[in-house]
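**Student:** As given, the protein sequences belong to chains A and B, one line each in that order.
What the first sequence shows, in the working numbering, is residues 1 to 94, in sequence order.
What the second sequence shows, in the working numbering, is residues 1 to 119, in sequence order.
FYI, nobody ran anything at the bench for these hints, they're computed from the structure.
It is possible that part of the hints are untrue.
One-sided excerpt, in silico: chain B residues whose CB lies under 8 Å from chain A [unchecked claim]: (1) Ala-10; (2) Phe-21; (3) Ser-24; (4) Ile-48; (5) Leu-88; (6) Ala-91; (7) Ala-92; (8) Ser-103.
Pairwise CB distance ranges, derived in the manner of DEER restraints [claimed, not checked]: (9) A:Asp-91 with B:Ile-68: 38 to 44 Å; (10) A:Ile-6 with B:Ile-79: 32 to 38 Å; (11) A:Ile-35 with B:Pro-110: 16 to 22 Å; (12) A:Arg-89 with B:Ser-3: 53 to 59 Å; (13) A:Asp-34 with B:Ile-79: 51 to 57 Å.
Cβ atoms here follow ideal geometry from the backbone N, Cα and C, with glycine treated the same way.
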Amino acid sequence: MLSLTILQGAVLLTSTLVVVALILNIWRMLRGPDITDRILALDTLYINSIALIILLGLYNGSALYFEGALLIAMLGFVSTAALCKYLLRGDIIE
Amino acid sequence: MESVVHIIAAVLLLTGGFFVFVGSVGLLKLPDFFTRLHAPTKATTMGIGAILLASMVLTTMRDGRLSIHELVISLFLFITAPVSAHMLAKAALHRRVKLLDHSKNAQLAPKAAEQKTPE
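Use the sequences and the hints to build the structure in full.
**Tutor:** Here's what the structure looks like:
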């Protein structure tokens with residue numbers, strides 16, 4: 001079936017784009033002139049990894065990966081918030 | 001019917017991948033922190049929304065009933081992306097990260113850095 005082949009090609013091409021995006025993020029995280037740049041790169045890194053996990057779930061045709069993606073979304077936001085709080089106040093929970 | 005859904009999902013996936021990629025290129029190439037903040041918070045959020053929409057469409061077709069699991073993730077990301085961007089901008093102002101030379105209203109940055117949280 002032609003449309004299924006197109007869909008599989010789209011999944012693979014999108015995965016490639018996301019992986020290249022991850023590499024660019026890692027580059028910014030290693031290079032970042034200030035620590036806020038590194039935190040921003042980490043934030044983008046976890047969002048892109050959610051995309052990669054969803055694509056893996058599509059590729060394998062399994063619904064199991066959804067919970068992992070949700071966990072990463074929640075913990076990633078909490079970690080970004082904690083890092084910003086630490087930079088702003090010098091403490092996380094006052 | 002099935003092939004139409006496949007094509008729609010493929011278009012959504014490619015759109016999402018393109019926007020995620022553009023967000024990361026912006027993160028790498030833009031000149032200072034405050035311009036860099038734009039790329040991941042807008043382009044990447046839109047890209048991941050499109051990818052999750054594609055996953056939703058395909059899962060709905062495969063199971064034969066409406067599947068809105070992915071909507072939870074996209075809603076969560078759409079709420080948290082501006083919040084984390086705001087916190088990062090506040091942290092950068094607090095640390096007095098260097099602005100571009102031709103930033104408009106650059107004289108407001110020290111005042112914003114001094115601002116305390118309301119008691």
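**Student:** Please go over all the hints and tell whether each is borne out by the structure.
**Tutor:** Evaluation of the provided hints:
With a least beta-carbon distance of about 4 Å to chain A, the hint placing B:Ala-10 at the interface is held under the 8 Å criterion. Using the Cβ-Cβ criterion of 8 Å, the hint placing B:Phe-21 at the interface with chain A is satisfied: the shortest such distance is roughly 4 Å. A distance limit of 8 Å between C-beta atoms decides the matter here; for B:Ser-24 the minimum to chain A is near 4 Å, and the interface restraint holds. Hint status for B:Ile-48 relative to chain A: holds, with the closest Cβ pair at about 5 Å, below 8 Å.
With its C-beta approaching chain A no nearer than about 6 Å, B:Leu-88 sits inside the 8 Å limit, and its interface hint holds. Because the beta carbon of B:Ala-91 sits about 4 Å from the nearest beta carbon in chain A, less than 8 Å, this interface hint is met. Interface hint status for B:Ala-92: upheld, as the beta-carbon distance to the closest one in chain A is roughly 4 Å, under 8 Å. Given hint, B:Ser-103 at the interface with chain A, is violated; its Cβ is 16 Å from that chain's nearest Cβ, farther than 8 Å.
Checked against the hint of 38 to 44 Å, the C-beta distance between A:Asp-91 and B:Ile-68 comes to roughly 39 Å, which is consistent with it. For the pair A:Ile-6 and B:Ile-79, the supplied restraint of 32 to 38 Å holds, since their beta-carbon distance comes to about 33 Å. Separation of A:Ile-35 from B:Pro-110 is about 20 Å and conforms to the stated range, judged on CB atoms against 16 to 22 Å. Range check, A:Arg-89 to B:Ser-3: Cβ separation about 55 Å, and the 53 to 59 Å hint holds.
Hint check: A:Asp-34 to B:Ile-79, Cβ distance near 26 Å, so the stated range 51 to 57 Å is violated.
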